[in-house]
Amino acid sequence: MSKLLYDNLVRMSRSFMLKMCLLFFIAVPAIHIILSKNNPRVTEYGSINIEGLFFIPMVFSVLAGTFLAHDYLQNTIRNKLIVGHTRTNIYISNLLCISAYLFIMVILYEAVAMGIGIPVINDKSLDGDIITKNMLFVIPMLISISSITVFLGMTLKSNAGTMALFMFFYASMAFGIFAIDPEMSYDWIKEVAKWLPSAQLMMLNNAQVVDEPVLKIVYAAIVTAATTGGGLVLFKKADLK
Amino acid sequence: MEYVMKTQSLSKRYKKFTALDNLSMNVPKGSIYGFVGKNGAGKTTLIRIITGLQPQSEGEFEVFGAKDSTKDIYQSRRRMGAIVETPSIHLDCTAEENMLSMYRIMGIPKDNRVNEILTLVGLGDVGKKKAKNFSLGMKQRLAIAMALCNDPDFLILDEPINGLDPQGIVEIRELILKLNHEKHITVLISSHILDELSRLATHYGFIDRGRLIREMSAEELEAECKKCLCLTVSDIGALTAYLEEMSADYKVTGDNSANIYSDIRINALITALDKKGCEVLHISEKEESLESFFINLIGGEGNE
Numbered sequence: 290m291s292k293l294l295y296d297n298l299v300r301m302s303r304s305f306m307l308k309m310c311l312l313f314f315i316a317v318p319a320i321h322i323i324l325s326k327n328n329p330r331v332t333e334y335g336s337i338n339i340e341g342l343f344f345i346p347m348v349f350s351v352l353a354g355t356f357l358a359h360d361y362l363q364n365t366i367r368n369k370l371i372v373g374h375t376r377t378n379i380y381i382s383n384l385l386c387i388s389a390y391l392f393i394m395v396i397l398y399e400a401v402a403m404g405i406g407i408p409v410i411n412d413k414s415l416d417g418d419i420i421t422k423n424m425l426f427v428i429p430m431l432i433s434i435s436s437i438t439v440f441l442g443m444t445l446k447s448n449a450g451t452m453a454l455f456m457f458f459y460a461s462m463a464f465g466i467f468a469i470d471p472e473m474s475y476d477w478i479k480e481v482a483k484w485l486p487s488a489q490l491m492m493l494n495n496a497q498v499v500d501e502p503v504l505k506i507v508y509a510a511i512v513t514a515a516t517t518g519g520g521l522v523l524f525k526k527a528d529l530k
Numbered sequence: 005m006e007y008v009m010k011t012q013s014l015s016k017r018y019k020k021f022t023a024l025d026n027l028s029m030n031v032p033k034g035s036i037y038g039f040v041g042k043n044g045a046g047k048t049t050l051i052r053i054i055t056g057l058q059p060q061s062e063g064e065f066e067v068f069g070a071k072d073s074t075k076d077i078y079q080s081r082r083r084m085g086a087i088v089e090t091p092s093i094h095l096d097c098t099a100e101e102n103m104l105s106m107y108r109i110m111g112i113p114k115d116n117r118v119n120e121i122l123t124l125v126g127l128g129d130v131g132k133k134k135a136k137n138f139s140l141g142m143k144q145r146l147a148i149a150m151a152l153c154n155d156p157d158f159l160i161l162d163e164p165i166n167g168l169d170p171q172g173i174v175e176i177r178e179l180i181l182k183l184n185h186e187k188h189i190t191v192l193i194s195s196h197i198l199d200e201l202s203r204l205a206t207h208y209g210f211i212d213r214g215r216l217i218r219e220m221s222a223e224e225l226e227a228e229c230k231k232c233l234c235l236t237v238s239d240i241g242a243l244t245a246y247l248e249e250m251s252a253d254y255k256v257t258g259d260n261s262a263n264i265y266s267d268i269r270i271n272a273l274i275t276a277l278d279k280k281g282c283e284v285l286h287i288s289e290k291e292e293s294l295e296s297f298f299i300n301l302i303g304g305e306g307n308e
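These protein sequences, in sequence, are chains W and V. Note that our numbering has the first sequence beginning at 290, numbered continuously upward. Note that our numbering has the second sequence beginning at 5, numbered continuously upward.
Hints are computed from structural coordinates only; laboratory data are not their basis. One thing to keep in mind: the hints can contain errors.
Restricting the straight-line Cα-Cα distance to at most 27 Å, the calculated cross-link-like pairs of lysine-lysine (DSS-like) are [what the hints assert, rightly or not]:
id: 1; chain 1: V; residue 1: LYS134; chain 2: W; residue 2: LYS292
id: 2; chain 1: V; residue 1: LYS33; chain 2: V; residue 2: LYS134
id: 3; chain 1: W; residue 1: LYS525; chain 2: V; residue 2: LYS19
id: 4; chain 1: V; residue 1: LYS19; chain 2: W; residue 2: LYS292
Derived Cβ-Cβ restraints for the label pairs, each shown as a range [to be verified]:
id: 5; chain 1: W; residue 1: MET290; chain 2: V; residue 2: LYS114; range: 45 to 53 Å
id: 6; chain 1: W; residue 1: PHE305; chain 2: V; residue 2: GLY128; range: 51 to 59 Å
id: 7; chain 1: V; residue 1: ASP96; chain 2: W; residue 2: MET290; range: 19 to 27 Å
id: 8; chain 1: W; residue 1: THR444; chain 2: V; residue 2: SER28; range: 46 to 54 Å
id: 9; chain 1: W; residue 1: SER447; chain 2: V; residue 2: LYS42; range: 51 to 59 Å
id: 10; chain 1: V; residue 1: GLU62; chain 2: W; residue 2: PHE305; range: 30 to 38 Å
id: 11; chain 1: V; residue 1: GLY128; chain 2: W; residue 2: SER447; range: 33 to 41 Å
id: 12; chain 1: W; residue 1: SER304; chain 2: V; residue 2: SER296; range: 29 to 37 Å
id: 13; chain 1: V; residue 1: LYS19; chain 2: W; residue 2: LEU397; range: 45 to 53 Å
id: 14; chain 1: V; residue 1: GLY128; chain 2: W; residue 2: LEU397; range: 36 to 44 Å
id: 15; chain 1: V; residue 1: SER296; chain 2: W; residue 2: THR444; range: 22 to 30 Å
id: 16; chain 1: W; residue 1: THR444; chain 2: V; residue 2: LEU95; range: 39 to 47 Å
id: 17; chain 1: W; residue 1: ILE315; chain 2: V; residue 2: PRO170; range: 40 to 48 Å
Ideal placement from N, C-alpha and C gives every residue a C-beta, glycine not left out.
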C-alpha cells in the first residue's frame, strides 16, 4: 500500500487542480483579513479562522473528485490491479491521500488566517483554550469528510462523483446554517446536522467550545466506518473496465 | 507440459447476457498464444478476469500455479504485464512520467531501463510531449512499454496492434518475437487480425460466443489448413469420375473446377483425363488460410 500511496501523493502534488486549491486557500483568508481590517465592526479575526472552515469541504471536493475520477476515466486503475495490488489497498491508499491533502489545506488555511489575522486585526479577547479544543474537534470531522469523499468518488467512478460531492457538501452546509439559525425551530434539522461533518464545521466559532463534542465525534466515527466499509464492499465487487 | 495460465470452467454473466461460458484453456509456458475470436466473443472479458479487473461468475483460474481464490494470486500477478483493450496511461503526463508512475506502483527504483524500454518500443525521442498529444499508435506503444516495466514473465496483450501503421505492426511483431525468443516471456495475444497472428503464434485458442471451440498448436493448425490442388477442366464429369476411382478427397467448387485435397500424381491425372478427352485448363496449389479456417470453424459451430 505504501507504493500506491506514494504514487497518489506524487500525482496529486503535480495536479493543476491542487495548485488552484492551494492558491484559493491562501488567497481567501488573506483577502478577507485585508478587507476586514478597515471595517470598524470587525474586532476579531475569528470569522476568517475557525468559522471559515465550513466551505473547505465544498472546494476540496472538486479537487478530490477529479483526482479519483481520473483513475477511472483514463483506466489507470487497471495498472494497479494488474501488477497485483489488492482492491482494499487501492481504496485505503486513496483515502489516506485524500485525507492527507485535506489536512494540508486546512493547516494552510489556518496558518494564513492566524499568521496574517492576529497581527492585522489583533484580537486579544480570543481564548486559546477554546480555539485549541475546537481545532482538535475538527480532526475527526475532516476524517469523516475524506471518507465520504472517497466513498462517493470511487462508487460513482466518473466526474458525476465530483458533482455529487459538491452537491452533498453544499447541502450539508445548508443543514449547518439552518441548525444554527435561532428562527429555525425544527429539531430534526439539528439532529441531522449532528451527523454531517461539514454541517458541524459550520457551527464552530471562537466564542465557545463546540456543543456535545463527544456525541458528534462518535457520529463522525460511525459515518467514517460506514462509508469506508460500504465503499470497500462496493469497490471489491465492482466490474472494472 | 508446464502452463503459465489455466482456466477451469470459467463463466461470466452480466444479468441475462453470458460473456464467458464454461471456458477452459491452457497457455503453455514459453508460447505465444493467439487468442482468436470475433468482436464480442469474450476475449477481453477473459483478460479482464485474469488481470483482476472483474470477478468471474463461476469457475476458477490459476496463474503461475496460484489459484485465483488464494492470496498467492497477487504475487503471481506481479510477474505479469498486460494491456487490456485501450492504453491505460496518464494523458496529462509525458511518456517518462507514465513509466515512473508504474515504477512507483511497483516499488521499483528509477533506473536506466526507463529510457531503454521507451527506445525499445520506439518512443525514445518523444521528450516532454504529453501523452494526450500522442497518436493512437504512440499511446499503444507506451502501454506496451508500461507493461514491460517489471520485466514480466507473462505478457497479456489485448489487440496490441490496433491503431498501428504497417511499419508499427512489423515493429511490434518483431518486439514480441524478440521478447519470447530471447527473454522466454510467455505471451497471450488476443486479436481478430488473423493474418498477423499467424506470423506470431505458436498456439491458438478459438473462442466464439464465450466458449472455447478449439485449442491447438501451430503445427496442428498447419496440418488442418489443408493444402489443395485447384483444377479447372473442360469436363468436370471426367475429373470427378477419375477422382472417385482413386478414392481421392476432393470438392467441386464450380461448373468446371474442383479442389483436390489428397496427394495425387499430377502427371497420371493429366494423362488419364487426356485419354477421356478432358483438357486441363488451369492448375494451381492453394493453402487454406487461418481466416478461412476460423470462419469454417465458427460457421460449423453456428450451424449446430
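> Is it true that the CA of LYS19 of chain V sits at most 27 Å from the CA of LYS292 of chain W?
Replying inline: Violated, at about 36 Å.
> Given a hinted range of 45 to 53 Å, is it respected by the beta-carbon distance of LYS19 of chain V and LEU397 of chain W?
Replying inline: Because 47 Å falls inside the window, the suggested range holds.
> Taking 29 to 37 Å as the hint, is the beta-carbon distance of SER304 of chain W and SER296 of chain V inside that range?
Replying inline: violated (52 Å)
>> Holds or violated: the 36 to 44 Å window for the beta-carbon distance between GLY128 of chain V and LEU397 of chain W?
In response: Since the Cβ atoms of GLY128 of chain V and LEU397 of chain W sit about 40 Å apart, the hinted range of 36 to 44 Å holds.
> Within 39 to 47 Å or not, the Cβ separation of THR444 of chain W and LEU95 of chain V?
Replying inline: violated (23 Å)
> Straight-line Cα separation of LYS134 of chain V and LYS292 of chain W no greater than 27 Å?
Replying inline: holds (24 Å)
> Is it true that PHE305 of chain W and GLY128 of chain V lie within 51 to 59 Å of each other by Cβ?
Replying inline: violated (28 Å)
> Okay, MET290 of chain W versus LYS114 of chain V on CB: inside 45 to 53 Å?
Replying inline: violated (20 Å)
> Range hint 30 to 38 Å: satisfied by the CB atoms of GLU62 of chain V and PHE305 of chain W?
Replying inline: Hint violated: Cβ distance 45 Å, outside 30 to 38 Å.
> Do ILE315 of chain W and PRO170 of chain V keep their Cβ atoms within the hinted range of 40 to 48 Å?
Replying inline: At 54 Å between Cβs, range violated.
>> Quick check on a hinted range of 46 to 54 Å for THR444 of chain W and SER28 of chain V, using CB atoms only.
In response: Roughly 34 Å apart at Cβ, these two residues miss the hinted range, so it is violated.
>> Within 19 to 27 Å: is that where the Cβ-Cβ distance between ASP96 of chain V and MET290 of chain W falls?
In response: holds (24 Å)
Violated hints for the displayed structure, listed by number in ascending order: 2, 4, 5, 6, 8, 9, 10, 12, 15, 16, 17.
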